[in-house]
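Student: If you read the sequences in order, they're chains R and V.
Each residue of the first sequence is one higher than the last, beginning at 1 in the numbering used here.
Each residue of the second sequence is one higher than the last, beginning at 1001 in the numbering used here.
Everything labelled a hint here was simulated from the structure, so no lab data went into it.
Keep in mind it's a predicted model, so treat the numbers as computed, not measured.
For glycine and all other residues, C-beta sits at the position ideal for the given N, C-alpha and C.
Each pair of labels, with its calculated beta carbon distance range: (1) V:I1060 <-> R:A264: 30 to 36 angstroms; (2) R:P204 <-> V:C1031: 53 to 59 angstroms; (3) V:V1057 <-> R:G189: 30 to 36 angstroms.
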Amino acid sequence: MAKLKLASYWASACGGCDVAILDIHEKILDLAAAADIVFWPIATDFKYSDVQAMPDGHIDVTLFHGAVRNSENAHLAHLLRAKTKVLVAFGSCAHIGGIPGLANLFTREEIFRRVYHETPSTVNPEGVEPQTKLAVPEGEITIPEFYNTVKTLGQVVDVDYFMPGCPPTPKQIWSVVQTIVSGQLPPKGSVIGASEKTQCDECPRPRKEKKITGFKRIATAQPDPETCFLEQGFLCMGPVTRGGCDARCQLSGVPCRGCYGPPAGVLDQGAKAISAIASVIEAKEEVEVQRIIDQIPDPLRSFNRFGIPASLITRKVL
Amino acid sequence: MKRISIDPITRLEGHGKIDIFLADDGSVANCYFQVPELRGFEKFVEGMPIEEVPRVVSRICGV
Chain R
1 MAKLKLASYW ASACGGCDVA ILDIHEKILD LAAAADIVFW PIATDFKYSD
51 VQAMPDGHID VTLFHGAVRN SENAHLAHLL RAKTKVLVAF GSCAHIGGIP
101 GLANLFTREE IFRRVYHETP STVNPEGVEP QTKLAVPEGE ITIPEFYNTV
151 KTLGQVVDVD YFMPGCPPTP KQIWSVVQTI VSGQLPPKGS VIGASEKTQC
201 DECPRPRKEK KITGFKRIAT AQPDPETCFL EQGFLCMGPV TRGGCDARCQ
251 LSGVPCRGCY GPPAGVLDQG AKAISAIASV IEAKEEVEVQ RIIDQIPDPL
301 RSFNRFGIPA SLITRKVL
Chain V
1001 MKRISIDPIT RLEGHGKIDI FLADDGSVAN CYFQVPELRG FEKFVEGMPI
1051 EEVPRVVSRI CGV
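Chain V with its partners taken away, still in its complex shape:
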């Protein structure tokens, strides 16, 4: 099955890629969008003084 990979997806904030699988007649059989990144803000802000959180989570996306 033919595959078209778009890696990376550009002109946006963050990391993403798309794999498109084509059937023999050229039609799209399936398509997968994946986000190949994780930093773990959900964990490392736990227990942080509340006044410090805005200056940390603003680094989730700086765009």
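Next up, chain R with everything else stripped away, as it sits in the complex:
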């Protein structure tokens, strides 16, 4: 059998997904036996011009990490879509927007003002901001356009499979590699490398009845290591997050923040979280309900940590 042609690309990302691939450790040799790397900026020296020169459909599988934040990300999304048979939105950013998607709570102007004018470490007396084109004595140099809104990969191009996680766990990556090599791929559009259940179903902390009479913060209260975080009043996204990571945050002593995205059948993870939390608050009077929910730290970013671009509203609109 001919070796697979494999690409891995980062758009608006941190590189953690690429490192997670390397975290399959010695199995990387098995991967190299089954696939040739044809494009992988973190590890190999292929250029955009090399990808451009490939015939359409040349790459068997592209693992695309990162959100679409700027015009370069969008260009590479379209380019790799054209050159790839099986395009995988790999990791939270490509899947649901990820941490870079938190920027959708602000406008481009608000971000530029903070980054290039207001931060204490900025020295910019002339008020310079990035220009997509700049005339220099030798010619013109360019950078990509910074969009107002972060998008998921699936909002920009047709995606074959979605693999959640920030980052996906090496165990899941290896199982997906084996699936790809075997050619036994599930129906197009499937979420792969994850479970059909929720985080709660995987969490080893025993669950009893949830009756929340107040919310706590791990900065100011010590969680009991054996009891469900939510039962103790620590906000946990486990009930509304897809399983598959083996509860790695809960096992590290912190509540789930939702990086695996919504479980099967859930359209909007943040809305589902509000619904789930509302159903376990123990209060009869409206004023008491208000007192309890006022204790939820930073509800907007806590309920929507990784998935604002994939939510129904996608960004701040007012």
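Place chain V on chain R using the hints.
Tutor: Using the frame of chain R, we list chain V on its own:
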């Protein structure tokens, strides 16, 4: 003026490109290093509970 573009710079975390302009005799007339990416962590962590910040800013660079 001849231009050599290195795009992207590889085997590092992040995005970068280099444009090198050559004079007629082949010597380097000028060279521009550019970072064509921004995510805006400086803005979107504002007001976040302090205990949440380490799990967010660790995504500045995951390498």
